[in-house]
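Chemist: If you read the protein sequences in the order shown, they are chains A and B.
Okay, so the first sequence: first residue is 1 according to the working numbering, each after it adds one.
Okay, so the second sequence: first residue is 1 according to the working numbering, each after it adds one.
One thing to keep in mind: the hints can contain errors.
[Stated by the list, open to error] The following label-pair restraints were derived from C-beta to C-beta distances: (1) B:246 <-> A:246: 20 to 28 Å; (2) B:153 <-> A:34: 51 to 59 Å; (3) B:153 <-> A:35: 42 to 50 Å; (4) A:35 <-> B:5: 49 to 57 Å; (5) B:195 <-> A:157: 29 to 37 Å; (6) A:164 <-> B:195: 51 to 59 Å.
[To be verified] Here are the simulated SDA-like pairs of lysine to any residue, each with C-alpha atoms no more than 25 Å apart in a straight line: (7) B:183 <-> A:32; (8) A:23 <-> B:188; (9) A:23 <-> B:184; (10) A:23 <-> B:296; (11) A:23 <-> B:292; (12) A:23 <-> B:189; (13) A:23 <-> B:183; (14) A:212 <-> A:130; (15) B:183 <-> A:20; (16) A:23 <-> B:209; (17) A:23 <-> B:226; (18) A:132 <-> B:226; (19) B:183 <-> B:226; (20) A:99 <-> B:68; (21) A:23 <-> B:253; (22) A:23 <-> B:297; (23) B:183 <-> A:25; (24) B:183 <-> A:21; (25) A:164 <-> B:253; (26) B:183 <-> A:24; (27) A:23 <-> B:131; (28) A:23 <-> B:289; (29) A:23 <-> B:254; (30) B:183 <-> A:17; (31) A:350 <-> A:212; (32) A:99 <-> B:254; (33) A:164 <-> A:243; (34) A:269 <-> A:80; (35) A:99 <-> B:226; (36) A:23 <-> B:47; (37) B:183 <-> A:490; (38) A:23 <-> B:176; (39) A:99 <-> B:133.
Hints in this document: simulated from the structure, not taken from any laboratory.
As the structure is a computational prediction, the values presented were derived from the model and not from experiment.
Here a beta-carbon is modelled for each residue, glycine too, at the ideal position from N, C-alpha and C.
One-letter residues, chain by chain:
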Amino acid sequence: MSKLIFSKGVEFRDSQREQQQFKVRLAALTVFVMLMFAILLTRFVYLQLVQHNHYHTLAEANRISIVPATPGRGVITDRNGVQLAYNYTAHTLEITPSKAGSVDDTIDKLGEIVEISPRDRRRFRQLLEESKSFESLPIRSRLSDEEIARFAAHRYRFPGVEIKARLFRQYPQGELFSHVIGYIGRINQKEIDRLEENSELANYRGTDYIGKMGLEQSYERALHGTTGVEQVEIDSAGRAVRLLSRTPPTSGSNLVLKLDAGLQSLVFKAFGNRRGALVAMDPQTGGVLAFVSKPGFDPNLFVDGIDPQSWNELRNSPDRPMLNRALAGTYPPGSTFKPYMALAALTYGKRTPQQGISDPGYFWMGNHQFRDDAVNGHGWVDMYKSIVVSCDTYYYVLANDLGIDAISKFMSQLGFGSRSGIDLTGESAGTLPSKEWKKKRFNREWFAGETVSVAIGQGYNAYTPLQMASAMATLANDGVMYRPHVVDYIEDVRTRNRTPVEPQPLRTLDWSAEHIAVIKKALVGVNKEGTGASVFAGAEYISGGKTGTAQVIAIKQGDKYVESRVQERFRDHALFIAYAPADKPRIAVALIVENAGFGAKSAAPIARQVLDYYLLGKEAPTAAGETPREDATR
Amino acid sequence: MMAYYLRRFTRLLTGHIDGPLLGAVLLLMGVGLTVLYSASNAGWARVSGQMVNMLVALMVMWIVANVPPHFLMRLALPLFILGVILLLGVAVKGDIVNGARRWLNIGVTRIQPSELMKIAAPLMLAWYFHRYEGTLRSRNFVLGAILLLVPVGLIARQPDLGTAVLILASGGYVLFLAGLSWKIIAGLVVAGLAGAPVVWSLMHDYQRQRILTLIDPMEDPLGTGYHTIQSTIAVGSGGITGKGWMGGTQTHLDFIPERTTDFIFAVFSEEFGLLGNVVLMGLFLLVILRGVVIASNAPTLFTRLLAGAITLTFFTYAFVNMGMVSGILPVVGVPLPLISYGGTSLVSLCLGLGILMSIQTHRKLVHT
Numbered sequence: 001m002s003k004l005i006f007s008k009g010v011e012f013r014d015s016q017r018e019q020q021q022f023k024v025r026l027a028a029l030t031v032f033v034m035l036m037f038a039i040l041l042t043r044f045v046y047l048q049l050v051q052h053n054h055y056h057t058l059a060e061a062n063r064i065s066i067v068p069a070t071p072g073r074g075v076i077t078d079r080n081g082v083q084l085a086y087n088y089t090a091h092t093l094e095i096t097p098s099k100a101g102s103v104d105d106t107i108d109k110l111g112e113i114v115e116i117s118p119r120d121r122r123r124f125r126q127l128l129e130e131s132k133s134f135e136s137l138p139i140r141s142r143l144s145d146e147e148i149a150r151f152a153a154h155r156y157r158f159p160g161v162e163i164k165a166r167l168f169r170q171y172p173q174g175e176l177f178s179h180v181i182g183y184i185g186r187i188n189q190k191e192i193d194r195l196e197e198n199s200e201l202a203n204y205r206g207t208d209y210i211g212k213m214g215l216e217q218s219y220e221r222a223l224h225g226t227t228g229v230e231q232v233e234i235d236s237a238g239r240a241v242r243l244l245s246r247t248p249p250t251s252g253s254n255l256v257l258k259l260d261a262g263l264q265s266l267v268f269k270a271f272g273n274r275r276g277a278l279v280a281m282d283p284q285t286g287g288v289l290a291f292v293s294k295p296g297f298d299p300n301l302f303v304d305g306i307d308p309q310s311w312n313e314l315r316n317s318p319d320r321p322m323l324n325r326a327l328a329g330t331y332p333p334g335s336t337f338k339p340y341m342a343l344a345a346l347t348y349g350k351r352t353p354q355q356g357i358s359d360p361g362y363f364w365m366g367n368h369q370f371r372d373d374a375v376n377g378h379g380w381v382d383m384y385k386s387i388v389v390s391c392d393t394y395y396y397v398l399a400n401d402l403g404i405d406a407i408s409k410f411m412s413q414l415g416f417g418s419r420s421g422i423d424l425t426g427e428s429a430g431t432l433p434s435k436e437w438k439k440k441r442f443n444r445e446w447f448a449g450e451t452v453s454v455a456i457g458q459g460y461n462a463y464t465p466l467q468m469a470s471a472m473a474t475l476a477n478d479g480v481m482y483r484p485h486v487v488d489y490i491e492d493v494r495t496r497n498r499t500p501v502e503p504q505p506l507r508t509l510d511w512s513a514e515h516i517a518v519i520k521k522a523l524v525g526v527n528k529e530g531t532g533a534s535v536f537a538g539a540e541y542i543s544g545g546k547t548g549t550a551q552v553i554a555i556k557q558g559d560k561y562v563e564s565r566v567q568e569r570f571r572d573h574a575l576f577i578a579y580a581p582a583d584k585p586r587i588a589v590a591l592i593v594e595n596a597g598f599g600a601k602s603a604a605p606i607a608r609q610v611l612d613y614y615l616l617g618k619e620a621p622t623a624a625g626e627t628p629r630e631d632a633t634r
Numbered sequence: 001m002m003a004y005y006l007r008r009f010t011r012l013l014t015g016h017i018d019g020p021l022l023g024a025v026l027l028l029m030g031v032g033l034t035v036l037y038s039a040s041n042a043g044w045a046r047v048s049g050q051m052v053n054m055l056v057a058l059m060v061m062w063i064v065a066n067v068p069p070h071f072l073m074r075l076a077l078p079l080f081i082l083g084v085i086l087l088l089g090v091a092v093k094g095d096i097v098n099g100a101r102r103w104l105n106i107g108v109t110r111i112q113p114s115e116l117m118k119i120a121a122p123l124m125l126a127w128y129f130h131r132y133e134g135t136l137r138s139r140n141f142v143l144g145a146i147l148l149l150v151p152v153g154l155i156a157r158q159p160d161l162g163t164a165v166l167i168l169a170s171g172g173y174v175l176f177l178a179g180l181s182w183k184i185i186a187g188l189v190v191a192g193l194a195g196a197p198v199v200w201s202l203m204h205d206y207q208r209q210r211i212l213t214l215i216d217p218m219e220d221p222l223g224t225g226y227h228t229i230q231s232t233i234a235v236g237s238g239g240i241t242g243k244g245w246m247g248g249t250q251t252h253l254d255f256i257p258e259r260t261t262d263f264i265f266a267v268f269s270e271e272f273g274l275l276g277n278v279v280l281m282g283l284f285l286l287v288i289l290r291g292v293v294i295a296s297n298a299p300t301l302f303t304r305l306l307a308g309a310i311t312l313t314f315f316t317y318a319f320v321n322m323g324m325v326s327g328i329l330p331v332v333g334v335p336l337p338l339i340s341y342g343g344t345s346l347v348s349l350c351l352g353l354g355i356l357m358s359i360q361t362h363r364k365l366v367h368t
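Could you build all of it, start to finish, from the sequences and the hints given here?
Modeler: Given below as structure tokens:
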């Protein structure tokens, strides 16, 4: 019993002790709880008080998305309102590579739902290499409604793939205007750098495309417009919940051109499969009426990124379709140079109109013989006849009397050898030979014999068809020179305000009216009784013109040029310059048909079609590229 | 006569309810419903569903509060054994949900035996130490630890690290309160630090990722770091006074994942700010301190240990959840007690709180 009591006592004391120990432990844990809560509180104070601004910013950045509102690009139309470049909305299927996982797998799976051609794949590959992985890149454009519906049903299978509505550029005239209008393409790194330099990059947020060539490039600033801003509240999936604020975009301005789409199309057809270029201008304004470089290319290929195969085809074609011949192709002007030579002679007092030579068919300089095409010569040749029959000997002699310094001074005033300043980028300056030029280019002295070649438009002479057209227009306009320009005016889409591009003449050359009349009379003579007569027979207007043939290869002394023996690509270029009507010129033309031989045969008929169309509104009665039956005489 | 029966009835209804505890619980539940309404975008379906859950949980609490502790003592061993068997069942043929084998299909419904263990483990240990009261030796602690590690190991294998840690903690509290020697505790801490690499090597990739994420959430901002980053932004952007009820942008624009369940605290914190957090912590502290009082007043070792363990487990829930949402603890699946949406945890929490009430209100019966 006592043992029990004792043991109970022990137990009691143990229990007392245990209870005491429990309370200590419980107190320890309570302290622990307080400590932990204090840590939490510290954390809350840190997040919500100290760092509140930081997290507030992050939450706002989560919530608010600044969405650029892309302006519509300006529309380009010809002088009669024919659309040459416009925009349309289309749905594209786009992949954001960084979100899509394996791009190849994604494209394979997409191919089961919407049609994806090998070209699309190649194009996408190309884009992928040029872009950053978080950019949304189009794999297919112009989705049909059915394709959109089919993708929507399978959307969940494709993370990082979206359908987007985008504005696309369309060039309805295809290759017809390729070298004038140019094209737009995706902005590349170089362009981004340039935009950043000009602090224009902000305006390109939301813009994927930029003008790469032609008017699309030179009028990029006007065409692009001003980007607007939308503040959109978005949820975690990036879906817009509501619009918070909006600054609307300002659409790009429209361009209305001087070009005549009908004329352009006529010229394009008239060239047929020939390579070459034509520039037609209004001499009274400098407005470009037709601007053709053959062959062209389809600018629509470039809009959503050209695939490498098509690009290689264009780049490697021996016909060089990407070369803008009218703007950057340089050719010897051949005999079309003669009227200006004659005018130079009059201006510098080296010839009177009546002064003449007896042409034996050749000209000796030292031991070098310069030949005329007429083997036995043209007989007595004065200035009028020298132009009408295109007598070389007359100019061989004249060259000697004028000298290269006078020639290059006169020709440079006409715009030869310098950029015309046309509103297109990529213009070539050509080559106006002079002593200084030769010294600089070859570090050699000028030879008198070289002046003789220059005088008939051969030798070092190399000018763009644009320069030739501009010179023709200046002469036709009695020395009042305008800067050539394609765009008539820029039209603000909202206010309809029109800003003319080139209303003032560039300069007036100090030629005497008498001298101009002499040359013009001779040019009219060419088309009436000279080398252009057969082509212009029966025209309902009076026109002036001049044929030209430019050698591609030099003919050895004593050899005779026989067209059929020369490889196509080394045959002579055919040239023609013209203006009409003779009394009050409304149009001036210069054109070159590459490797087509004699200028009167291949080039003049195209000029006739151009003048007929522009002055009379007539389409060519003959089929494209057909040459007159009878052989022209020079 | 009428008054007598009314008094009897009132006594039947409230006789074993602890007023302060019930008050704190009801306040927390009220906060929970308020936040839930906002978190579910004014969705009444979730709120009304949670109301039903709460009613059920309160009924369970009332029932348990009326069960005398000595009856609970008798349930300890059978419940524990049943729990272990069910856990073994899960390991053998449980259903896999979200990559983890946690659910057991028992024909009528699917249950998560680990939930049962949350109560059964501390109950069992409290019973075990009570049984050897007065003669406790080191081996009792060793055996207790082994008893605890069986369900913890099974749950960790599922894998459900969060629940395993919680149960380990609840059992650990029992061991600590029962008088586990400080030397051993110190030894365990050292062993724990030394064993960390071993634990690391035993962990699943996603578990390791969660811990790495805690150290640098921006390493994988759209993957494992996303939860932590977005909930931290929510908390921080709440500021002192919060963005106002229904005004949380992180919440309503869907940036907070699991925002009605495990991450509901981010919603609360965003909309009610630092002041709200202080109030909420105060309410949790109210429950905890009341539990501490109950434990310290408890008459037997069993009730003391059980009350202490339940109270501290409740604390652990709250702390782990808030720590995880505010980015100082790894992301584990622990709900915020009485606030997060979900019936199971609500019921098991209220069951524990009911036990606390039972312990408090049956004191005199034991003494007399």
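Chemist: Any of the earlier hints contradicted here, and which numbers?
Modeler: Those not satisfied are hints 2, 3, 5, 16, 17, 19, 20, 21, 29, 31, 36, 37 and 39.
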